[in-house]
Amino acid sequence: ETAVFQTPNYHVTQVGNEVSFNCKQTLGHDTMYWYKQDSKKLLKIMFSYNNKQLIVNETVPRRFSPQSSDKAHLNLRIKSVEPEDSAVYLCASSSRWGGVYEQYFGPGTRLTVL
Amino acid sequence: GEKVEQHESTLSVREGDSAVINCTYTDTASSYFPWYKQEAGKSLHFVIDIRSNVDRKQSQRLIVLLDKKAKRFSLHITATQPEDSAIYFCAASMGTGGYKVVFGSGTRLLVSP
Chain A
1 ETAVFQTPNY HVTQVGNEVS FNCKQTLGHD TMYWYKQDSK KLLKIMFSYN NKQLIVNETV
61 PRRFSPQSSD KAHLNLRIKS VEPEDSAVYL CASSSRWGGV YEQYFGPGTR LTVL
Chain B
1 GEKVEQHEST LSVREGDSAV INCTYTDTAS SYFPWYKQEA GKSLHFVIDI RSNVDRKQSQ
61 RLIVLLDKKA KRFSLHITAT QPEDSAIYFC AASMGTGGYK VVFGSGTRLL VSP
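If you read the protein sequences in the order shown, they are chains A and B.
For reference, each letter of the first sequence is one residue, going 1 to 114 in my numbering.
For reference, each letter of the second sequence is one residue, going 1 to 113 in my numbering.
Treat the hints as calculated values from the structure; they're not laboratory data.
Because the structure is a prediction, the values reported are computed rather than measured.
There may be inaccurate statements among the hints.
Stated by the list, open to error - Keeping only pairs whose Cα atoms sit at most 30 angstroms apart, straight-line, the calculated DSSO-like set for lysine-lysine is:
1) A:Lys41 <-> B:Lys57
2) B:Lys57 <-> A:Lys52
3) A:Lys79 <-> A:Lys44
As the list claims (entries may be wrong) - Short derived list, chain A residues pointing at chain B, Cβ under 10 angstroms:
4) Val12
5) Leu43
6) Tyr49
7) Lys79
8) Ser94
9) Arg96
10) Tyr104
11) Pro107
All residues carry an ideal CB built from backbone N, CA and C; glycine is no exception.
Work the whole structure out from these sequences, hints included.
Below you can see the structure in the form of structure tokens.
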């Protein structure tokens, strides 16, 4: 049963365009994450938010900017996409309460930059 | 920062055999070690985890071992079934909140009938 929702599923765009991806979780979790998974399946954390506060901001290009309106939503905007941004972007959520940190992942947004 | 190395990039076993996937980490402060499974065309889902206060944990056919001295942990899948075929990712994070989880590069497990 899906509890972490991502839109869109796929997005094809051209170099230099701006794109936005949305993520929503209905699990009541307080922490959300963005990961990038490349074509070799390597998974790298980009950002994590706890209760709308940015906690982890890995070394990602400045054209990437996360936005969180509340603890259930975390969006990702990419200004002026580049070919190396082609990847699957995975959103995840988890909860600190009860010491259970397992993450629940969304289905991903596959970005192709032409 | 933390680095997690996953030693087997691919692993092929016959149905019914055991499969072992090994990972090492670098940061002694890491205290939480989850494993995730990614089936073909799907996203990741959690399978099992272990914390640094124990050295063994079992959930049905999955066993995780942790050797803190060697900074090594492993996933053992016993009595493998074809539906175990997937990419398995190990990961490590520091316990507090687990905000930054560092993943290994993944092991593609193929279980043949």
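Here is what the structure says about each hint:
{"no.": "1", "hint": "A:Lys41 <-> B:Lys57", "verdict": "holds (27 angstroms)"}
{"no.": "2", "hint": "B:Lys57 <-> A:Lys52", "verdict": "violated (34 angstroms)"}
{"no.": "3", "hint": "A:Lys79 <-> A:Lys44", "verdict": "holds (20 angstroms)"}
{"no.": "4", "hint": "Val12", "verdict": "violated (18 angstroms)"}
{"no.": "5", "hint": "Leu43", "verdict": "holds (4 angstroms)"}
{"no.": "6", "hint": "Tyr49", "verdict": "holds (9 angstroms)"}
{"no.": "7", "hint": "Lys79", "verdict": "violated (24 angstroms)"}
{"no.": "8", "hint": "Ser94", "verdict": "holds (7 angstroms)"}
{"no.": "9", "hint": "Arg96", "verdict": "holds (5 angstroms)"}
{"no.": "10", "hint": "Tyr104", "verdict": "holds (7 angstroms)"}
{"no.": "11", "hint": "Pro107", "verdict": "holds (5 angstroms)"}
Violation of the numbered hints given earlier is confined to hints 2, 4 and 7; the remaining hints are satisfied by the structure.
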